[in-house]
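2 protein chains.
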Amino acid sequence: MPNISRRGCEMPSSPIRKLAPLANAAKAQGVKVYHLNIGQPDLPTPQNGLNALKHVTRKTLEYSPSEGYPGLREKLCGYYKPFGIQVSPDEIIVTTGGSEAILLSFMACLDPGDEIIMLEPGYANYISFARAAGIKVRTVTSTIENGFALPPVEAFEEVITPATRAILLCNPSNPTGYVYTTEELLKIKDIVLRHNLFLFSDEVYREFIYNGEPFMSALTLGIDQHVIMIDSVSKRYSECGIRIGMVVTRNKQVHDAVLKFCQARLSPPLLGQIVAEASIEGVEDYLKACQTEYKARRDFLIEGLNRIPGVVSPMPQGAFYTVVSLPVDDAENFCRWLLTDFRLDGETVMMAPAAGFYSNPALGRQQVRIAYVLKIEDLKRCLQILETALKQYAAR
Amino acid sequence: MPNISRRGCEMPSSPIRKLAPLANAAKAQGVKVYHLNIGQPDLPTPQNGLNALKHVTRKTLEYSPSEGYPGLREKLCGYYKPFGIQVSPDEIIVTTGGSEAILLSFMACLDPGDEIIMLEPGYANYISFARAAGIKVRTVTSTIENGFALPPVEAFEEVITPATRAILLCNPSNPTGYVYTTEELLKIKDIVLRHNLFLFSDEVYREFIYNGEPFMSALTLGIDQHVIMIDSVSKRYSECGIRIGMVVTRNKQVHDAVLKFCQARLSPPLLGQIVAEASIEGVEDYLKACQTEYKARRDFLIEGLNRIPGVVSPMPQGAFYTVVSLPVDDAENFCRWLLTDFRLDGETVMMAPAAGFYSNPALGRQQVRIAYVLKIEDLKRCLQILETALKQYAAR
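Protein chains in written order, with the numbering used here: chain A, 1 to 396; chain B, 1001 to 1396.
If you're looking for bench data, these hints aren't it; they were derived computationally from the structure. Computed from a predicted model, the values in this text were never measured in an experiment. Glycine included, each C-beta is placed from N, C-alpha and C at the ideal position. Do not take every clue at face value.
[Unchecked claim] Footprint (simulated), chain B over chain A, 3 or more residues, beta carbon under 8 Å:
#, region
1, 33-46
2, 105-112
3, 127-133
4, 252-261
5, 283-297
[To be verified] Here are the simulated DMTMM-like pairs of lysine to aspartate or glutamate, each with C-alpha atoms no more than 25 Å apart in a straight line:
#, chain 1, residue 1, chain 2, residue 2
6, A, Lys59, B, Asp1378
7, B, Lys1136, A, Asp111
8, A, Lys27, B, Asp1256
9, A, Lys59, B, Asp1090
10, A, Lys27, B, Asp1090
11, B, Lys1027, A, Asp111
Let's have the full structure, built from the sequences with the hints guiding it.
Pasting the structure below:
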């Protein structure tokens, strides 16, 4: 029997999904599992998007253009305009979720052995995609004590080598919820220019900012030839399952190279594009309501978490995640135990161990990522479960 | 401005899609373009699949499991059974089209620098995915003179090196339409066992075999631990746009490694899975009708092609493609000219230059791949256009 590849062996399991078999086993026993582990919003998809499905009149569900339908790309240009992002449809490539946008733009811009700088804790799957593409990840560590703010410029300079080709920023940040300030973004801009780097800017959470500040896209920094913006409709319109994301760049070489990878995989999902296009317009009130709801959840959750003895969470200003420090030795073991052993009246919670969001897992050993994608009533119950579980875990 | 990657530069443009801008320009001038270049069937998607869309009652279009919904995987097991393929749902991973199935199983099984043997002419995107994964492709050449039959075993042995890790077979073959015989498959089996290789078997065209022989899957060869079967509903149910494929393997190590890559990209398309699941059952008559239709088209097209002076096409026994030799110096130039210069009463045809289906493009310089995915009336018109164009091209 032939052996699988080294990269197949070394590919990390998703910290967000690796405990899924344990959750499924618990559910099979009749246990109710609250999913705080995954950014799967419970809010409804915009009605226009759902209606579009009922009105599909095609008789053949055919391939779409590799770069996505022009209609969707045109609507996206209109969507970006209020954010000061001026792009044309030719500068947008529709991908199979933000995930594919990351993988293919990594491949188009970076070669095996090239280095990319990411902040940690960072979205775990960036590391997976970097590994798939053979790219070396160097990390700059943000800390819970500083509320996961941008580390000083010196920390970036320290990890830059001749092989460094790019910086990746997730703004607002998954998993920390941190929103970078204009000052911080200008520091990143300086580093990018000084070292002639690409800047991958994952901006999928731009609609979810709670501090009243306007969102600042990397595409407004005046370094267009360096910027590859990653986007997705998944979170914005609560339609993660349709798998529609996008690569947005004004760098034509990057655009054309990404497009070649996109041609190989033929086309992004047709039905997802239909839903996405219908979701874009007439959703001002919808988006405002989503933001209000997430803000209320955030306020409720973070206050509740910090009231549990030994639990510490900064106040995230964006996205719908927070990285939380727990009074346990090993948060992954605790998360497993919650699924395998602990029940409060037949219920438990699932969280994502944060170690997988760090290149040095030790840094996140006592932390979890929590997604506040459940309604307040459920979050209230989750807090009860967590508090009881922590007591019982300490006493076991 | 930073440079893009070497792999981004070297990534080939799809021979199937690279001339699309010329076709679009022709259409913008009001020219009717017959698409013989792409395997985009014009047949309708099964009504059950289309109906399923109208009956989606979910309010949130959420992520699905990384491995795909259990219901779809169960139905697929039932679909495979009549082909003698005995698999359980745990041996199937749903992917974003057959394309993703290929890329992710390459990554899970092979490391950069590893070698894979493919037949040429072969599906061009295999080479693209191999390049994306850093895998070296070695080819064994089948010839139009032999109707693209399997070359002798010696030809495989000649290209096997210590770095050889796998053979890829597409059966029935895209682009040649060749269907491998039991004898040929047993030869492949021997080579696979002798050299302890993986066998990637792309079987997406199994429903389209016209010689009355039953289809023989690589999963019936008795070398299960070596086989990764690539599948897709795209062609079978004329639903290429929903992007649903699958990796089917009984090798648990391979399965688990592919799943880790799948977790990183979160999930396959939700809506596509709904359509695919609804398409599987109650389509015996549908599939029979499709086969009859494609067979009639094949008979009509191949006879017509061979009647044009200087044009040669073997009689393909499966799929819906044929590789055709044309009386031109350079088929790509001819294909371009058809789109840019030639019109017959305001109409022209688009074909895929076959050079991109060979690792040595010179071998396919005079050939094109034609997909017979248009109705006979249109194919008739395409033959007229092609014949007239060839005359005019020779005389220009």
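Evaluation of the provided hints:
1. Only when three residues or more bring their CB closer than 8 Å to a CB of chain B does the claim for the region 33-46 of chain A stand; here the count is 7, and the claim holds.
2. With a threshold of 8 Å between beta carbons, the proposed coverage of the region 105-112 of chain A by chain B holds, since 6 of its residues qualify and at least three are required.
3. For the region 127-133 of chain A, the stated coverage by chain B is satisfied: 3 residues place a CB nearer than 8 Å to a CB of that chain, which reaches the threshold of 3.
4. With 6 residues having a beta carbon nearer than 8 Å to a beta carbon of chain B, the region 252-261 of chain A meets the requirement of three or more and the stated coverage holds.
5. Only when three residues or more bring their CB closer than 8 Å to a CB of chain B does the claim for the region 283-297 of chain A stand; here the count is 0, and the claim is violated.
6. Using a Cα cut-off of 25 Å, the hinted pair Lys59 (chain A) and Asp1378 (chain B) holds, with the two alpha carbons roughly 19 Å apart.
7. Taking the CA atoms of Lys1136 (chain B) and Asp111 (chain A), the gap is near 16 Å; set against the 25 Å cutoff, the hint holds.
8. Distance hint between Lys27 (chain A) and Asp1256 (chain B) is fulfilled; the C-alpha atoms sit about 22 Å from each other, no more than 25 Å.
9. Our distance criterion of 25 Å between C-alpha atoms is broken by Lys59 (chain A) and Asp1090 (chain B), whose separation comes to about 32 Å.
10. Proposed proximity of Lys27 (chain A) and Asp1090 (chain B) is supported: the alpha carbons are some 18 Å apart, at most 25 Å.
11. Proposed proximity of Lys1027 (chain B) and Asp111 (chain A) is contradicted: the alpha carbons are some 38 Å apart, above 25 Å.
When the structure is compared with the earlier hints, violations turn up for hints 5, 9 and 11 and for no others.
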